[in-house]
Every structure is written in structure tokens, then in C-alpha cells.
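Assemble chain B onto chain A, guided by the hints.
Chains A and B, in that order, are what the protein sequence lines are.
The first sequence: position 1 = 1 (the UniProt record's numbering), numbered continuously.
The second sequence: position 142 = 142 (the UniProt record's numbering), numbered continuously.
Don't take each hint at face value.
Since copy identity is lost for identical chains, a pair holds within one copy or between any two.
Listed below are the simulated DSS-like cross-link pairs for lysine-lysine, each with C-alpha atoms no more than 30 Å apart in a straight line [said to hold, decoys possible]:
1. 10 - 217
2. 69 - 92
3. 188 - 92
4. 10 - 252
5. 92 - 215
If you are wondering where the hints come from, they were derived from the structure by calculation, not from laboratory data.
2 protein chains.
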Amino acid sequence: MSAQNPFDQKKAAILSEINSSQPDLSPKGSIDRLCLPIIKLINSHEDMVTTSSCSGRISVFAEGVKDYKGNVKVGGKGQGGKWLYVSHDSDKVRGWIDTLNTSDQEIISGTVEDNLIASDGSTRYLLYKYEPFILHVKCRNFEMASRLYNVAMACGFRESGIGSNNLVAVRINIKLDVPIGFVDDKEKLNLFVSPNYIQLLDKLTLTKFEENEKKMKELYVKIENQIINGNPIASLEAKKEQETKEERRERKRREGLERQRKAKDQKAAATD
Amino acid sequence: MSAQNPFDQKKAAILSEINSSQPDLSPKGSIDRLCLPIIKLINSHEDMVTTSSCSGRISVFAEGVKDYKGNVKVGGKGQGGKWLYVSHDSDKVRGWIDTLNTSDQEIISGTVEDNLIASDGSTRYLLYKYEPFILHVKCRNFEMASRLYNVAMACGFRESGIGSNNLVAVRINIKLDVPIGFVDDKEKLNLFVSPNYIQLLDKLTLTKFEENEKKMKELYVKIENQIINGNPIASLEAKKEQETKEERRERKRREGLERQRKAKDQKAAATD
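For reference, chain A alone in the conformation it holds in the complex (with noise of 0.2 Å):
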């Protein structure tokens, strides 16, 4: 093997683990099957690699044992609070709630009682959530983050960001965010919604996942028509966009300058 930079190198590992039948480092072991197509698309590309993954999901998660201050107090029983359900798969969205009412762990429908909202910060509540689509993409250079950057902000991926190493997280804002309960002192857990809000979360979830899906299409797109196979025209047109009056009067400035030097070197090839 012919020595290689960095990137090359981490590339190699990172395909090489893609590749295997070996399980991941994520909880899950394996990447999310609809993250597949844009994640191969991506890896096409010479100058990036993908690094992390999730297609999005629904998750319940029941908070740790906290102080009345609510800080999580350290080496509690179920310190640090635990997932209670995951699923990238929309078709596992209705229907968690029966997996958790199990003889071990019985769920106690029921309202909001007025001691709760008296309660100090040491209630540990039942979260619900959607969260959508994330990637963090690793470049070979400032210039390639840049332009993935550029490309996912124009489709909506609104907090996408550049990080430390050109690593680009690409983000968002798709989410659901619901107390629906609480884990009580014998660590039953205790809802405050009807079973029917259940239904209709689940519900709202599954448009959640849809919405997400289309956008990670579009992205797919935008990345195959503007990156791989993409013209350099495009990219410029999009650095026009963004870049502030200040920046654009520095831009024409210095095309200008290239332009005279261009035409000062054609001169002189003419009378060489």
C-alpha cells in the first residue's frame, strides 16, 4: 500500500468498517437503512466521509434520580435515566407504549395531580421525543466543507454547522419534545396524558418521519446534482448568495484585479 495523507488513511478505516459485518460503535451496532443511499453517496465523493449517522427517531426516556434542585445526583438508583424505548423504524412508532406495560414495569394512567406541580425539582419525568435526521460528514479540506455546508442550508438543513477538523454536521429542526409523565417512588411509571394524546403523539411522529424522510431525498438530490455532479458555476452562484455587500465589493474587487492581470498577461504573450 502507497503511503497516504491523513485523510486518505481515516477514509480507508472508516469505509473498511463500513463495510464489514462487524457491529458499530453506535448503541444500535449498525446504520440506520435509510441513511444507506445518501451515506454511499457521499463516500463516492474523494474528498469526504461520512463519520456518524442516524435516520431519526422516536425515543421515551425516563430521567435519573436528581436533587430537589433538579441536578442529577451521582450514584442514584437510575442515575443518569435510561431509554425506555428506541426505534428508527416507523413502523414501530404506534404501539411502544404496550411494550413498556410489562409485568416488570406496569405504566399507572392518569392526570397531572396538583402536588406535582408543587413539587420541587426532583421529579423525574417521562420524555417523549421525535428527533430527525443528523450526519456528520468529515472533508479534506476547508473548501469541500464549505461547499456541503452551503448545499444542505440552501435545502432547509438550517443548523447544520462547520466544526473543529472540517467535520460538518449536517441538522434539522424536525423535533418533538413531550413530558408525558413521570417515574414515582416505587419507579412505576406514571403518565399525565389520556391514552388517546398517546395516539395522536404517535401519530404526529409518524408525519414527523415522513417530513424527515422527503427532506433526506432532497438532500440526496441537492448532493448528487451540485457536489458529484456538480459544476463549479453552481458553487459560486451559491458563495454569491451568502456573502454580505462588504464581501462582495472585496470579490468584484479582486475580479477585477484578475481580470486586468489576465489581459496584462495576454499583452505581453502578444509581444513576446
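Then chain B, alone, in the frame of chain A:
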């Protein structure tokens, strides 16, 4: 006034706007009180200028008219939706619902009816949100943007990112995003949660306001210590923590070459 580069021009224009008594371009027309210290701190550095901010807020949003697929109808009444309540002030969290319960706009308390669960995508939801502090800072160069980004990330603002033109977005994930009702075809607001549940949400929002303010203060201190009064060693340490194995090897190699070069220069200087 002497000639300035584009960054200094932009910074001067922004500072003069901040210091004027004219309303700014935000819907509220002024900078949130809680943002003032950190904005002042950041703008005291010659290589940074704040371009927009929000100190965190509670909001209640009524979705606009949608078709059965959930797409927003163009030209429909209420198209695009509207904010029924927005406040950046934790003293104005409790009691928001009373401000909506007017003769013009009655709120109907209720539950989630079966027909709502079965309905198509056209339901116009009432959404209760808490959104945390967000800040945009334009930096003179990428090095400065990178330093600010690293400090923000290390301080728990894990959704931060660098955008185009060295604009850093400082973001944190402290959120609530809860469907609490819907707008019916007579434009009336129907809740499907109980008054006690709303009170509980308000209580949770107040803890979010507190947590958010605590994080803002932490960020202030970190920026002050590590950037404003910062020493280069601290920023080098932060860099070491972020880098990959390959990048570490590459840095070590560069540092080695640098040492050799210096040693050679000293030797040359000594023999000159």
C-alpha cells in the same frame, strides 16, 4: 476616518446600530436583556462581532391552514400560522393562557377526541415551545471562528457550528416542543391537555429558563477566561483534545520539523 477592511467596517456598522436608540430588525426590536453582558464581552474583542441573538423564549404557535397532506395552503386564511404568545421573560411564563382567553379568542378546554386521531393531515396544531439561547458571531478569520466554536462546544453548546464567512452559530439543545391543542374551523383554540398539564409545562419551562441562564453565564466565563484573557496554551490544549490520531501524528511531525528548523536557525545565528 481611515480606510478599513470589510470586517472592521461591518463591525463598526453593527456596533453603531446596537448603540443607537432605534429599534433593530428583530420582531421585538431590541436585544434581549440577558444577552447584553455576553454581547458586550464578545464585541470587546477586535476579531469578533455579534450579528444576532435570542436569550431564550417561550412561545405558543398556531399552525396555518394546511391541505389533507399537511402542506401549508397558499393564500388560505391564517396561512403560515401565527404566534399567539412570545416572551423572553421568565416572569411572563405563568399566566400566558389567560392572555389568550379573551372575548375575541376563546379557548376551549377538552381532550383528544377519537376523530382527531383518525383525521387527515390538515389539523392545525397549537404548539407550545421553549427555545434556548442562540447567538451568531461574525469573526475576522477562520482561526477566531474556530476558537469560539471550540469554547462553545466544550461548554456544552453541542449544536454550535461555523457557517459561511466565519459566522459562528452558538446553539444548545434545551427544548420543549409540545402539541397542546388545535385550531378548529371556526378559528377557536381547542386544548387537548388539562389546565394542570399546562401549569406543569409552565413549571418545566421555568426550569429551562434557569438552566439556560446558567449555561449562558458559564459561556460568558469561558469566553472571558479562554478568549478575552486567553492564553495560547489553553487553546492549544483544546485543539489536542479534538484531534484524531492521524492529525496528532501530523501535528507532532510538524512540531518536530519546527523544532529542528529553530535549532538550525539558532545554530546559524550563533555561527553568523
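Hint check results:
{"no.": "1", "hint": "10 - 217", "verdict": "within (27 Å within a copy, 38 Å between copies)"}
{"no.": "2", "hint": "69 - 92", "verdict": "between (36 Å within a copy, 21 Å between copies)"}
{"no.": "3", "hint": "188 - 92", "verdict": "within (23 Å within a copy, 34 Å between copies)"}
{"no.": "4", "hint": "10 - 252", "verdict": "between (38 Å within a copy, 17 Å between copies)"}
{"no.": "5", "hint": "92 - 215", "verdict": "within (21 Å within a copy, 36 Å between copies)"}
Of the hints listed earlier, there is not a single one the structure fails to meet.
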